[in-house]
Each structure stands twice: as C-alpha cells, then as structure tokens.
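S.K.: Required output: the full structure, derived from the provided sequences and hints.
In order, the protein sequences belong to chains A and B.
At position 58 of the first sequence the residue is numbered 58 (the UniProt record's numbering), and the sequence of numbers has no breaks.
At position 75 of the second sequence the residue is numbered 75 (the UniProt record's numbering), and the sequence of numbers has no breaks.
Since the hints were derived computationally from the structure, they do not count as laboratory data.
Be a bit skeptical, because a hint or two may be false.
Unchecked claim - To be clear about the criterion: a stretch of chain B counts as covered by chain A if any three or more of its residues have a C-beta under 8 Å from a C-beta of chain A, and this derived list gives those stretches:
| no. | stretch |
| --- | --- |
| 1 | 23 to 33 |
| 2 | 94 to 103 |
| 3 | 113 to 127 |
All of these numbers come straight from a predicted model, not from anything done at the bench.
Idealized CB from N, CA, C, for every residue including glycine.
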Amino acid sequence: MSLKRFTEHALSEWMRGKGPQSDIVISSRVRVARNLSGLPFPMLATSAQSSQVVRRVEEALYAAKELPVLKEAELIRMDDLSELEKRVLVEKHLISPQLAEESRHGAVVLSKDEAISIMINEEDHIRIQVLYPGFQPQEAWRIANQLDDWFEKHLTYAFSEQTGYLTSCPTNVGTGIRASVMVHLPALAITKQLSRLFPAITQVGLAVRGIYGEGSEALGNLYQVSNQVTLGQREEEIIDKLASVVKQMIQHEQSARRRLAEGTPIQLEDRLYRSYGVLSQARVISTKEAMERLSDLRLGIDMGILSDIDANVMNELIVMTQPGFLQQYAQERLDSQERDIRRAVMIRERLHHEGTEDEQ
Amino acid sequence: MQCQECGERSATLHYTKIINGEKTEFHLCESCAREKGEQMPGIDGSFSIHNLLSGLLNLDTSISEGQHQVHDETPSMGVRCPTCGLTYTQFSKIGRFGCSDCYQAFDDRLDPLFRRVHGHTSHRGKVPHRTGGRLKIRREVEQLKQDMSRRIENEEFEEAARIRDRIRSLQEKLAGQGG
Ligand SMILES: [Zn+2]
Ligand SMILES: [Zn+2]
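M.R.: Below you can see the structure in the form of structure tokens.
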C-alpha cells in the first residue's frame, strides 16, 4: 500500500488538523465517566458482570444509532484485536493503554470519523470520549453531553444527589468530566516562558502535562492542559474555564511568535531550515529527534518561514511515527533500530509527496 | 522547568493540590511523580491506575485515626462496603472504589478527601433526566425561591405570588413522590 493510501485509511479526523486555531491547538477532548447502577465497578466485577456491561451498552447503542453521530459506529472488543491493532488505537488516542492491556471484556465503540470513542470496562463501565481537531472544547462537550443523554435513556447510571455521578476513582466523581486541550507551544519554549506560564495555570486549578515524552521528557513542545476539579462545579463552568485559560495561552504563544519574528530571525530561520533538512534527508531518526524537528517544522510553517509544506505534516507524523503505526504500515514487527530507519523513510515520503501531490 | 523533587530532569507534570486548606503547586518529572506515588487530578493515563491514590489516602487515614484513637483502639479502618466487600483500608491502598455503594459505606471519611482533591464536597453539575427528577425539582425550587425574594424586594408582588404558586405545586409534586 502506498503511504498516501495508508494515510487515508489510518488517520482520525483530529489528526487532519482542520480546526479553529489549529496553528497552536492540535486537538480538544472531552471525556465523561459513567457507571451502571447495580453492578460493581470493573475492578471488582466478575467476568459475567463485565460482559453484561458490554451487552447493555450494546443494546443502548443499537437504539442510539438513530443519532447521526453514531450512525455507522462500531463496537470493537479488545479480545478480537491483535496487540498491534490495540497499540495503534492507543497511539491515535482513541483508547487508553489501560483498556488495551488490563481490561476484562474491554470494548470500544468507534464512530466512523473516529471523533467519538466510547470505552467500555476501562476504569469505569463507560467512558464517552469526543476528540476534535483544533480548539473546540465546547463543541466536544456538546456532543459528549448529547451522547450521555442518549445513553441515559436506556441505561440507569450510578448517581447520588450529593456526590453526582459515582466513579471508580474519587478524582473523577461528580461530573465525571475531563476536558483537555493539546497545544503546541514552541515559541514560548524557545523564549523560556513556560516556567512562568505553568505555575499560573496550575494556580487556577488546571493541570498541565508534557506529552509524547519517553520517560521524563516532554517532546515536541506539546502539552496537554486539563481540568483537575470534577466535583462542585457545573460542566459548563469547567469547560469555559479551560477554554478561557487556553485562549490566553494561545495569545501568549502568538505574541511570542511575533517577537521571535521581529528579533533575530536569521538564527531562528537557520534552525528551522536545518530541521527541515534533517527531516527530508535523514536515513535514521529517533522518536525524540523526530518530535523536536517536527515541532520546528511546524513553527516554520506557521510563521511563514517555510512554505509549500502542508501544516498538517506534524499532526499526522507525530502519530504515524509512533512504534505501533510504523509496524502497522510495515506489516511486520520491528525492533527499535529498524523503527528508526522506517521512521526516517516515512517522514521523507510524507514530505516528498507534499510537493508532488497534484501529479498523483 | 526543572523537577522540584530531583532538580535534575525537567518537570512534565504540573498540578496543584489542597494541603491544609492551601493550594500547593507541584512540578514534577514522571519518575519522581511515580516514586512519590503521587495522585494527579486532571492528569490521566500516565500510570497504571493502581497505587496512585495510596499516598494521599494513607495520609488522610493517619490524621483521622489520630482523632479517633481516644475513643477506640481499632477505629473504622475495617469499615466494609456491604455490597462489594471492599474495606476502607483496601480503598486507601488502591485508591479506587469497588462499587457505587462504597460511597455510602465510607461516607464519613470522604468529605476531607473530596475537599482536598476538588475543593468541594457536593455535586452541582448535570443530573440524569430519567432518574434524577427529584433533585431537578429541588434545584428549581431553590432557584424560584431566590427569584421570589428578588421580586418581593422590588415590590413586584403579583409576580412573586405567581412564583409562590409554582413553588407550591412543585413541592406537592415532591411530596407526592414520597421521601
Ligand atoms: Zn524529578
Ligand atoms: Zn462497594
């Protein structure tokens, strides 16, 4: 299969990067945790009880197919997937590693565009997740809320008037909502402003996490900002607060980019062109280097320094150069050395078919 | 930004926790966070779920244990959820409830935990449409009562009376449903 055809089938909507503020915000996600009344949480459920959860959700799903967003949705059982297939779903952020590796009777309902994934028998019985490209947490909540309403018509949730939706972990109780936004902050990183920004964000009750780190590092200047509090605030308040803080982060990043452009552009220009050079010529490249160079490439594109490259290459390649994806594309198991070689090939091909897209 | 624990690796996890009523910031690298058995609200999926909460809950236990010790040598550590059988001790080790009835069973110990994690102890968000009817009505009554006193302050007595009637009919509905 050509890379282009593989890509067409492999990419989720959020990786295509066509969303508001997509020069800085990669994706917005809302996840809602729910449990069925009268059954123990997955951790203590028997095998029969867990399979009953799947059956009940499946029945509700059948009714929910009237919802346009779930029209062609599919329920996939973890037991029916290979290790590699599960890994690819994890890398696309559609399921958690926990569902893939530890769940019993774990399953996921996936919408056709993969914007909706409903995990069954993860830490909670049901986790409704909506994942959109760019900056649209409100829209993601609107859809998650609608799906939740729909399921609630058919399923009785564990709910208490005092504590709200009851979840396996006390950090999720109440609304059960976790909203997060993935942002790309290269200019704030270059100008060393993140260490001022992060404390300010945590002070207003949000958490920040560097992602795509192997071990202890945050790679590619990609960060995930999410709400910490799930109890005692309304869902809309939680989402609006996150949105307003992210809006301010976007403004800071934009002004840092403007200042970078005004300052000493030749050093920056050199660095960005070098990264482009490495990505388009390297024969062996590690995840770490790939992430860093892709971040530079994206910054160069967004600042108008590098032209004729699709801004989306970063969004696509950060996922497609992950181990599971590389092996899926290669259709074989690869050790880490082979992966570094394949990664370089994939990046070169992707950058190359940019220029020749019209001819194909 | 450096990890505040080891001062070596860069911090990738940033969050706050409420300790003794004060917000405390944490900026940690993943390995230090893991070592501390830290629990990070808002940060999903970094570790396997187990043991995340234990540090936090054990702390909580030792505090309340201290208070109980005067009255009882073996305090409510052994409290057991009648439905799933999970004990409070087990809950404090694994940081997960076993079933929704655990919330009731461990009720008198959960408020300090919720306050530390969320800063609040009661739900203000969404209510299930089908089964949450009573709570919805009670919230509407609360809202109407506020409206009514505002009307009275503004001397809009006719409107206030209309609201009062609405409140009455909602209260009758609540009484009718029992409880
Ligand atoms: Zn550290
Ligand atoms: Zn229980």
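S.K.: So is the stretch 94 to 103 of chain B in contact with chain A by the C-beta rule, three or more residues under 8 Å, or is the coverage claim wrong?
M.R.: It holds: at least three residues are needed, and the stretch 94 to 103 of chain B offers 8 whose Cβ sits within less than 8 Å of chain A.
S.K.: Verify this for me: three or more residues of the stretch 113 to 127 of chain B with a beta carbon less than 8 Å from a beta carbon of chain A.
M.R.: The restraint on the stretch 113 to 127 of chain B holds, since 13 of its residues have a Cβ under 8 Å from chain A and three suffice.
S.K.: Using C-beta distances, would you say chain A covers the stretch 23 to 33 of chain B, given that this needs three or more residues below 8 Å?
M.R.: It holds, with 7 qualifying residues against the three required.
Of the numbered hints stated above, none is contradicted by the structure.
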